[in-house]
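Counting in our numbering, the sequence shown runs without a single skipped number right up to 176 at its last residue.
Take these hints with a grain of salt, some might be off.
Simulated restraints, written as ranges between beta carbons of each label pair [unchecked claim]:
1. L165 with P123: 38 to 48 Å
2. G65 with Q11: 13 to 23 Å
3. Q70 with T12: 11 to 21 Å
4. M110 with Q172: 20 to 30 Å
5. R126 with L171: 13 to 23 Å
6. R73 with N175: 24 to 34 Å
7. L88 with Q5: 24 to 34 Å
8. R73 with E127: 13 to 23 Å
9. E7 with Q172: 14 to 24 Å
10. E7 with I130: 36 to 46 Å
11. N175 with R64: 34 to 44 Å
12. R162 with R52: 20 to 30 Å
13. T119 with Q8: 13 to 23 Å
14. R162 with G72: 35 to 45 Å
Rather than coming from a laboratory, the hints here were simulated on the basis of the structure.
In this text, a Cβ means the ideal position worked out from N, Cα and C, and glycines have one as well.
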Amino acid sequence: MTAAQDEQLMQTALAEAELALTAGEFPVGCVLAQDGRILAQGRRTNSGSASRNELDHAEAVTLRGLMAAQPGRDCSRITCYSTLEPCLMCYSTMLLSGIRRFVWAYEDAMGGGTSVPLTQLAPLYREMQIELLPGLLRRESIALFFQFFQEHSYWQDSLLSRFTLAEHQRLQSENG
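Put together the whole structure using the sequences plus the hints.
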């Protein structure tokens with residue numbers, strides 16, 4: 001993958017996150033791609049509704065969509081692009097599905113799962129060779145999360161909302 005392809009695919013994930021934000025959902029978008037071609041894309045659902053749950057994360061929704069459309073697909077060459085670092089649930093689900101390359105825009109200071117040292121886990125994970133690319137279009141993702149936390153109560157006053165506010169202010173002061 002080239003840097004330009006990674007950026008283009010992250011732009012698509014950001015567009016999904018914008019759709020989530022417009023719908024009042026947590027602004028996480030996800031794209032699953034192989035060789036620069038989008039296989040599935042999705043966004044967070046059920047974060048702000050009466051049917052709120054923590055199973056409909058963007059990565060899980062997108063992976064379910066891919067598996068429904070292409071059952072039995074080999075995921076070993078798929079890259080996961082997400083506007084927020086995958087949480088532990090999504091990260092392990094993707095790993096167990098065969099995905100080994102992860103690109104995200106904004107680190108999840110509260111619940112990111114990619115820093116888990118796989119070599120210290122059970123044998124199933126120990127031998128996995130993964131590639132992690134953090135921070136791609138980070139500023140754009142922070143702007144979406146900042147807007148979300150200004151308008152919605154989900155995860156309000158959490159470590160992630162406080163971190164987002166601080167990062168947004170820091171980035172604004174850099175722009176002078």
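Quick rundown of the hints versus the structure:
For the pair L165 and P123, the beta carbons lie near 41 Å from each other, so the given range of 38 to 48 Å is met. Under the hint 13 to 23 Å, the C-beta atoms of G65 and Q11, about 19 Å apart, fit the expected range. For Q70 and T12, the Cβ-Cβ distance of about 18 Å falls inside the hinted range of 11 to 21 Å, so the restraint holds. Taken as a hint, the range 20 to 30 Å holds for the pair M110 and Q172, whose Cβ atoms sit roughly 22 Å apart.
Restraint check, R126 to L171: a C-beta distance of roughly 38 Å breaks the suggested window 13 to 23 Å. A hinted range of 24 to 34 Å for the beta carbons of R73 and N175 is inconsistent with their spacing of about 43 Å. Distance hint check: the CB atoms of L88 and Q5 are about 27 Å apart, consistent with the given range 24 to 34 Å. For R73 paired with E127, a C-beta distance near 22 Å keeps the hint of 13 to 23 Å intact.
Between E7 and Q172 the C-beta distance comes to about 23 Å, which sits within the given range of 14 to 24 Å. Between E7 and I130 the beta carbons are some 21 Å apart, a value that contradicts the proposed interval 36 to 46 Å. Taken as a hint, the range 34 to 44 Å holds for the pair N175 and R64, whose Cβ atoms sit roughly 39 Å apart. Range check, R162 to R52: Cβ separation about 21 Å, and the 20 to 30 Å hint holds.
Our hint of 13 to 23 Å for T119 and Q8 is violated, since their Cβ atoms are close to 33 Å apart. The hinted range of 35 to 45 Å is satisfied by R162 and G72, whose Cβ atoms lie roughly 43 Å apart.
Checked against the numbered hints above, the structure violates hints 5, 6, 10, 13; every other hint is satisfied.
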